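Peer 1: As a plain string of letters, each chain reads:
Protein chains: 2
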Amino acid sequence: MRHSRPAGTITAVPGITAGHWTDADSATGCTVVLCGDTAVGGTAVRGGSPGTRETDLLDPMRRVDRVHAILLSGGSAFGLAAADGVQRWLEERGIGFETPHGRVPIVPAAILYDLGVGRADVRPNATAGRAAAYAASDAPLASGSVGAGTGATVAKGLGPAGLVKGGIGSAYCTLPNGISVGAAVAVNAWGGIHDHRDGSLIAGPRRDDGTMADPIGVILDGEYPPSEPSMTNTTIGVVATDAGLDKAQANFVASSAHDGLALTIRPCHTTSDGDTLFCVATGRNPTPVNLTAIVAAATHVVALAVIDAVRSATGLAGIRSVRELNHGIS
Amino acid sequence: MRHSRPAGTITAVPGITAGHWTDADSATGCTVVLCGDTAVGGTAVRGGSPGTRETDLLDPMRRVDRVHAILLSGGSAFGLAAADGVQRWLEERGIGFETPHGRVPIVPAAILYDLGVGRADVRPNATAGRAAAYAASDAPLASGSVGAGTGATVAKGLGPAGLVKGGIGSAYCTLPNGISVGAAVAVNAWGGIHDHRDGSLIAGPRRDDGTMADPIGVILDGEYPPSEPSMTNTTIGVVATDAGLDKAQANFVASSAHDGLALTIRPCHTTSDGDTLFCVATGRNPTPVNLTAIVAAATHVVALAVIDAVRSATGLAGIRSVRELNHGIS
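Residue numbers (the numbering used here), protein chains in the order written: chain L, 1 to 330; chain F, 1001 to 1330.
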């Protein structure tokens, strides 16, 4: 499958800016995607162990019809505090949902578990969230062991000794009708990573002899320890588009975009993955919505973002990345 | 990825029998999976255009905690009538949920749209559902253009002239701890079919010159007609296991098993696909539940069932199958 479309990251979507806050020493961080004050949001929580904030209001039945930013954060449930800082940053700029007593910024958020990498007692807080919002720009979003992907890891099917560094990645495409679709995904999966285009294994759980195992195979063939994996995972991300989606459509795109995770993370959506995706639609492009095309594009960019995350990652806190492993650095 | 596990179909799961009713002349049919009187059920509806019956009671909040059969049917929403006949067959055998005034058989059902293939005015009815239940056995379930897969088609990204025959498929595996997991899936997708193990295209929309297009590529590269596809699709299936899942776990497995569709059907879960999966757990195997392993196995067998469906299909009503296309029959 070849697709010759513009390279780019989620910030190539008109109206979208994004920024990271990274604490490499403590191996945690957060990422903020700012989407102006006209964006409609949706979400889909698919994993067994999610950590989220402001997801209920994204239901099409609920009243609030705008989101102002999405926060992706490390730090497990503690990391939800980083949204406080994003709200403060937005409030200072007068951005928020109009209420009788001031504008209230709407910042849906999801976290991933990285307490087992680096320091467990340092997590993204309000200051970190504010810093990520402050850093946001329309420059290409950095990939790898930064932002919400700083402490991310993958391929845990053979235990902690065999895991591989995860990270955050991004991808972008335009549809023939001019609609932009981009994604940023922080990949901290229990499963391993495949390239769905040729089925090849990018990051599988590493055996003692250094070889990588097929991450589904270790379960089906019995290499996998029989107990349930611990809840140290979760892949989180944002799909952004300039299409004029309504809330129900934004939720549908968030739901179907999980197929991009399913294509590349194997197995995905386990009990110990709190996999959560958001969709934000700025509505800047008046082209009539073709939801099937947007679903296909969203799946495509989410899958490419996962691959980018793991291929761009660099080793941290003693955990090696595929980049290092492929160059024989041990 | 190699997995050397027992070949088989969903009927290899202890306690599960299945049967088809096929009307090849009218190009429709239905498939019934019988699961005894101890099975727990769950479901996940992911597509944009579902047609279902008795799915609400599968919510873990609802009271009824047993299902007796699952019906997969062609005939669009009309095909839900086939569940009447499955209920009657079960009632005659005294199988059902105990109530003060008799046992009520619980038969969750989902349909696919096949009215555009063969005759539109013939659809599975109560007699058809009863016949499928009557035909159920523990023999390997037949694959291809039979049962709910009789009128199924795939790869519609270039319009009606370019589609390829779909069907119903099945697969089975056992986990190292002895748990059985099987699936039966009727594949009537808007998307094309890939083998996720090597990324190869099995069934893509056919161009006028006979070549198959990449089904995501036709959207991203602009070969795809700009309008939304019509609602003539939907992939439906059942995952069965002998594990002792509770209702919440059965719903979780049904949800994550959609990853098996995502791996092989590209794009999947579009607005015109009513993709719905059920999970039934007979509880016959007392081995403690390892939900992550069951999720991985469910994803695996669903993906293999999709591939089996399309590879086993035979041409019908002027629509050619990959088997025929690969042998130059036109």
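Hints are computed from structural coordinates only; laboratory data are not their basis.
Owing to the predicted nature of the structure, the values given are computational and were not obtained by experimental measurement.
Just so you know, not all the hints are guaranteed correct.
Claimed, not checked - Here are some chain F residues the structure puts well away from chain L; computed CB gaps all over 10 angstroms:
no., residue
1, 1007
2, 1055
3, 1199
4, 1286
Unchecked claim - Covered stretches of chain L (chain F as the covering partner; in silico rule of three or more C-beta atoms under 8 angstroms from a C-beta of chain F):
no., segment
5, 163-176
6, 268-275
7, 287-297
Idealized CB from N, CA, C, for every residue including glycine.
Peer 1: What are the numbers of the hints that this structure violates, sorted from low to high?
Peer 2: The structure breaks only hint 3.
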